[in-house]
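Construct the complete structure from the given sequences, taking the supplied hints into account.
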Amino acid sequence: AGVLAAHKITASSPDTDLPTVSRLRKMGVNFTVSNKDTVKSSDVLFLAVKPPIIPFILDEVGPDIEARHIVVSCAAGVTISSIEKKLSAFCPTPKVIRCMTNTPVIVREGATVYATGTHADVEDGKLLEQLMASVGFCTEVEEDLIDAVTGLSGSGPAYAFTALDALADGGVKMGLPRRLAVRLGAQALLGAAKMLLESEQHPGQLKDNVCSPGGATIHALHFLESGGFRSLLINAVEASCIRTRELQHLADKEKISPAAIKKTLLDKVKMESPLSLASTSKVSLFSSKS
Amino acid sequence: EAEELRVGFVGAGRMAGGLVRGLLRAGKVPASSILASAPSDRNLDAWRDLGCRTTHCNLEVLQDCALVFLATKPHVLPGVLQEIRPAVGPHHLVVSLVAGVTLQKLQRLLPAGTKVLRLMPNLPCVVQAGAMVFSRGTGASDEDAALLQTLLSSCGLCEEVPESYINIHTGLSGSGVAYVYLFAEALAEGAVKMGMPGGLASRIAAQTLLGAAKMMLETGEHPAKLRGDVCTPGGTTIHALHQLEKGALRATVMNAVEAATKRACDVGED
Numbered sequence: 001a002g003v004l005a006a007h008k009i010t011a012s013s014p015d016t017d018l019p020t021v022s023r024l025r026k027m028g029v030n031f032t033v034s035n036k037d038t039v040k041s042s043d044v045l046f047l048a049v050k051p052p053i054i055p056f057i058l059d060e061v062g063p064d065i066e067a068r069h070i071v072v073s074c075a076a077g078v079t080i081s082s083i084e085k086k087l088s089a090f091c092p093t094p095k096v097i098r099c100m101t102n103t104p105v106i107v108r109e110g111a112t113v114y115a116t117g118t119h120a121d122v123e124d125g126k127l128l129e130q131l132m133a134s135v136g137f138c139t140e141v142e143e144d145l146i147d148a149v150t151g152l153s154g155s156g157p158a159y160a161f162t163a164l165d166a167l168a169d170g171g172v173k174m175g176l177p178r179r180l181a182v183r184l185g186a187q188a189l190l191g192a193a194k195m196l197l198e199s200e201q202h203p204g205q206l207k208d209n210v211c212s213p214g215g216a217t218i219h220a221l222h223f224l225e226s227g228g229f230r231s232l233l234i235n236a237v238e239a240s241c242i243r244t245r246e247l248q249h250l251a252d253k254e255k256i257s258p259a260a261i262k263k264t265l266l267d268k269v270k271m272e273s274p275l276s277l278a279s280t281s282k283v284s285l286f287s288s289k290s
Numbered sequence: 001e002a003e004e005l006r007v008g009f010v011g012a013g014r015m016a017g018g019l020v021r022g023l024l025r026a027g028k029v030p031a032s033s034i035l036a037s038a039p040s041d042r043n044l045d046a047w048r049d050l051g052c053r054t055t056h057c058n059l060e061v062l063q064d065c066a067l068v069f070l071a072t073k074p075h076v077l078p079g080v081l082q083e084i085r086p087a088v089g090p091h092h093l094v095v096s097l098v099a100g101v102t103l104q105k106l107q108r109l110l111p112a113g114t115k116v117l118r119l120m121p122n123l124p125c126v127v128q129a130g131a132m133v134f135s136r137g138t139g140a141s142d143e144d145a146a147l148l149q150t151l152l153s154s155c156g157l158c159e160e161v162p163e164s165y166i167n168i169h170t171g172l173s174g175s176g177v178a179y180v181y182l183f184a185e186a187l188a189e190g191a192v193k194m195g196m197p198g199g200l201a202s203r204i205a206a207q208t209l210l211g212a213a214k215m216m217l218e219t220g221e222h223p224a225k226l227r228g229d230v231c232t233p234g235g236t237t238i239h240a241l242h243q244l245e246k247g248a249l250r251a252t253v254m255n256a257v258e259a260a261t262k263r264a265c266d267v268g269e270d
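Respectively, the protein sequence lines represent chains B and E.
My numbering numbers the first residue of the first sequence as 1 and each following residue consecutively.
My numbering numbers the first residue of the second sequence as 1 and each following residue consecutively.
Worth flagging that the hints you see were computed from the coordinates, not collected in a lab.
It should be emphasised that the depicted structure is a prediction, and the values quoted were computed from it without experimental measurement.
Even glycine gets a Cβ: it sits at the ideal position worked out from N, Cα and C.
Hints should not be assumed to be uniformly reliable.
Keeping only pairs whose Cα atoms sit at most 16 Å apart, straight-line, the calculated EDC-like set for lysine to aspartate or glutamate is [to be verified]:
hint, chain 1, residue 1, chain 2, residue 2
1, B, Lys86, B, Glu109
2, B, Lys194, B, Glu109
3, E, Lys105, E, Glu221
4, E, Lys246, B, Glu225
5, B, Lys207, E, Glu221
6, B, Lys40, B, Glu66
7, E, Lys246, B, Glu238
8, B, Lys8, B, Asp43
9, E, Lys225, B, Asp64
10, E, Lys225, B, Asp208
11, B, Lys36, B, Asp64
12, B, Lys86, B, Asp64
Chain E regions said to be covered by chain B (calculated; three or more residues, Cβ under 8 Å) [what the hints assert, rightly or not]:
hint, region
13, 21 to 29
14, 216 to 226
Right, dumping it as structure tokens:
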């Protein structure tokens, strides 16, 4: 998005062999294995580790947090108060912002919400908003809505990918080559979403506008309704939101020991490869490669 | 003019009865201007109670009235048309309420050039809240259509449509009234389950439907938007709607309209 120069970004990870690491380096991002170095060279600090690891990271970098730092956590289910509690052992008024975004930030069409903590000023929130708005939609919300946001737009791209896969199958079944089917399906959803965002009209009205009487579309919609399409989507958002809350409870309990974390981390990192560092690029402000 | 217009009904069953009650309540036509014929007195007693004139002779209705509603059962109609044909003239407006009988068939059995229209009302015409569609045959002019529309608008919504919509109207609104009664009953039953007395629940259910329908008609807003307006985040309504969606209510209703429409088409072809 061109909002930030790569050399102003520092990222850290224990494992340097990950493909994401080399990609970041190629972009000109400063890379270090020391979390502490990252903290020292940053004003805005994105915590992009897995939720269970957050408490341990906070313990590690806590002493280096200064008044200027804005600590932004993107960890699902980790509350502002839990972060503030940890950091207040080291810094009297830590600035904490909690944020929830989604993968399409990569193509600058992300959906991001944030909630500001006790000591974060309006300007701090606005700074984050400015950064995240460069990669999509960004707005402030009350913290208690973040779980619902996770269910809707956090997980949302997965629902869309599933739908697109199935739509493509439908196309293939009716004779289209797969590549073309995928391309057309994606464009249809993209176009529909754009129409909705640019229109004052209710999606129900936009739907009606596509359904000529007795035509193909209304026949198809009847099938969707018969299958309980709408309720499935409602169920999905609900399930994701509820699970997020469960994860939050687990995180609050801090059940995992530091030694187990280290072992788990390395194992996970080897198995799941880009995931833990991908969370850095998930909220990265790096423009996409172009 | 409508005041001097004499309105006749050949056949005096439920549909005709609903229409005449609506017209009388609306004050559009005095009872004395209305003549109804039927083979027996069974239905006609009620018409006389309303102040209408009655007869057992179908021909008399054609001789007396300019606007004639045909409201017989489908299988009886051809015979009736044969009977009245000699008395049908160019001044008559013949409006058929008979389910499944096409304009083409009507025109074939009546003198060439007769002004024929086909009407599908629904029962709430009785309380001036009917939904009616009509289509005109080749002999009927704009003025004829306008006359009918003005007269019937006193009983509710009345619109001219292509003939192919008439069966759909049956599925949507003719039968649709019954779907609403079913829904109202279920709403009330839910309330009774939660502890409300049945009579009260029923009245509130009806008023809820009435109010919602009125808002749709008066605001002209899309029902999806109106629905959204009622749903506070995380509130009672959205929880309930989720239940309805889980039960695929929308698809079921679509199925109902489709089934009734198809049945209307099938019956028409018999």
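Which of the numbered hints above does this structure break? Checked against the structure, the hints that fail are numbers 1, 3, 9 and 13, while the rest are satisfied.
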